[in-house]
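Make a model of the complete structure from these sequences and hints.
Be aware that the sequence shown starts at 1, since it is given in UniProt numbering, and climbs by one per residue.
What the hints contain is simulated information worked out from the structure, not anything from laboratory work.
One or more of the hints may lead you astray.
[Claimed, not checked] Derived CB-CB ranges, DEER-like:
hint, residue 1, residue 2, range
1, Arg38, Ala3, 18 to 26 Å
2, Ser2, Glu48, 30 to 38 Å
3, Ser70, Asp43, 32 to 40 Å
4, Ala20, Ser62, 17 to 25 Å
5, Val40, Lys9, 15 to 23 Å
6, Glu72, Cys46, 20 to 28 Å
7, Asp43, Lys4, 29 to 37 Å
8, Glu58, Pro79, 15 to 23 Å
9, Arg44, Pro69, 29 to 37 Å
10, Glu58, Ala20, 14 to 22 Å
[What the hints assert, rightly or not] The calculated lysine to any residue pairs, modelled on SDA-like cross-linking and capped at a C-alpha distance of 25 Å, are:
hint, residue 1, residue 2
11, Lys26, Trp47
12, Lys4, Val40
13, Lys4, Ile71
14, Lys26, Arg57
15, Lys4, Leu59
16, Lys4, Thr73
17, Lys26, Val40
18, Lys4, Ile60
19, Lys9, Ala20
20, Lys26, Ala81
21, Lys4, Val27
Cβ atoms here follow ideal geometry from the backbone N, Cα and C, with glycine treated the same way.
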Amino acid sequence: MSAKEDLEKALDGLRRGFQADGADLKVESATESQLTLRLVGDDRTCWECIIPPDRLRELIGSVLRDSVPSIETIDLIDPRAES
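This is the structure:
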């Protein structure tokens, strides 16, 4: 499996949990070693149901680095941290 396929598989696993709360993870940019994700939702999203931004970054980083070891940097754009 390629790194891109590994990444998509790992993201699909993460997305299921977010989608249950009305949110999703979108890839903003990706290189072999860097990934930027955006947490997206709307007025139906249960933002309180999603773990806090700092813990979320740790979880996503852990899952994705296990699946795609070449990723060195993962940035998460979380609208809850911006407000």
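We went through each hint and held it up to the structure:
{"no.": "1", "hint": "Arg38 to Ala3: 18 to 26 Å", "result": "holds, 20 Å"}
{"no.": "2", "hint": "Ser2 to Glu48: 30 to 38 Å", "result": "holds, 37 Å"}
{"no.": "3", "hint": "Ser70 to Asp43: 32 to 40 Å", "result": "holds, 37 Å"}
{"no.": "4", "hint": "Ala20 to Ser62: 17 to 25 Å", "result": "holds, 20 Å"}
{"no.": "5", "hint": "Val40 to Lys9: 15 to 23 Å", "result": "holds, 20 Å"}
{"no.": "6", "hint": "Glu72 to Cys46: 20 to 28 Å", "result": "violated, 32 Å"}
{"no.": "7", "hint": "Asp43 to Lys4: 29 to 37 Å", "result": "holds, 33 Å"}
{"no.": "8", "hint": "Glu58 to Pro79: 15 to 23 Å", "result": "holds, 18 Å"}
{"no.": "9", "hint": "Arg44 to Pro69: 29 to 37 Å", "result": "holds, 36 Å"}
{"no.": "10", "hint": "Glu58 to Ala20: 14 to 22 Å", "result": "holds, 20 Å"}
{"no.": "11", "hint": "Lys26 to Trp47", "result": "holds, 16 Å"}
{"no.": "12", "hint": "Lys4 to Val40", "result": "holds, 21 Å"}
{"no.": "13", "hint": "Lys4 to Ile71", "result": "holds, 11 Å"}
{"no.": "14", "hint": "Lys26 to Arg57", "result": "holds, 14 Å"}
{"no.": "15", "hint": "Lys4 to Leu59", "result": "holds, 19 Å"}
{"no.": "16", "hint": "Lys4 to Thr73", "result": "holds, 15 Å"}
{"no.": "17", "hint": "Lys26 to Val40", "result": "holds, 7 Å"}
{"no.": "18", "hint": "Lys4 to Ile60", "result": "holds, 16 Å"}
{"no.": "19", "hint": "Lys9 to Ala20", "result": "holds, 17 Å"}
{"no.": "20", "hint": "Lys26 to Ala81", "result": "holds, 16 Å"}
{"no.": "21", "hint": "Lys4 to Val27", "result": "holds, 12 Å"}
The structure fails hint 6 only (numbered hints given earlier).
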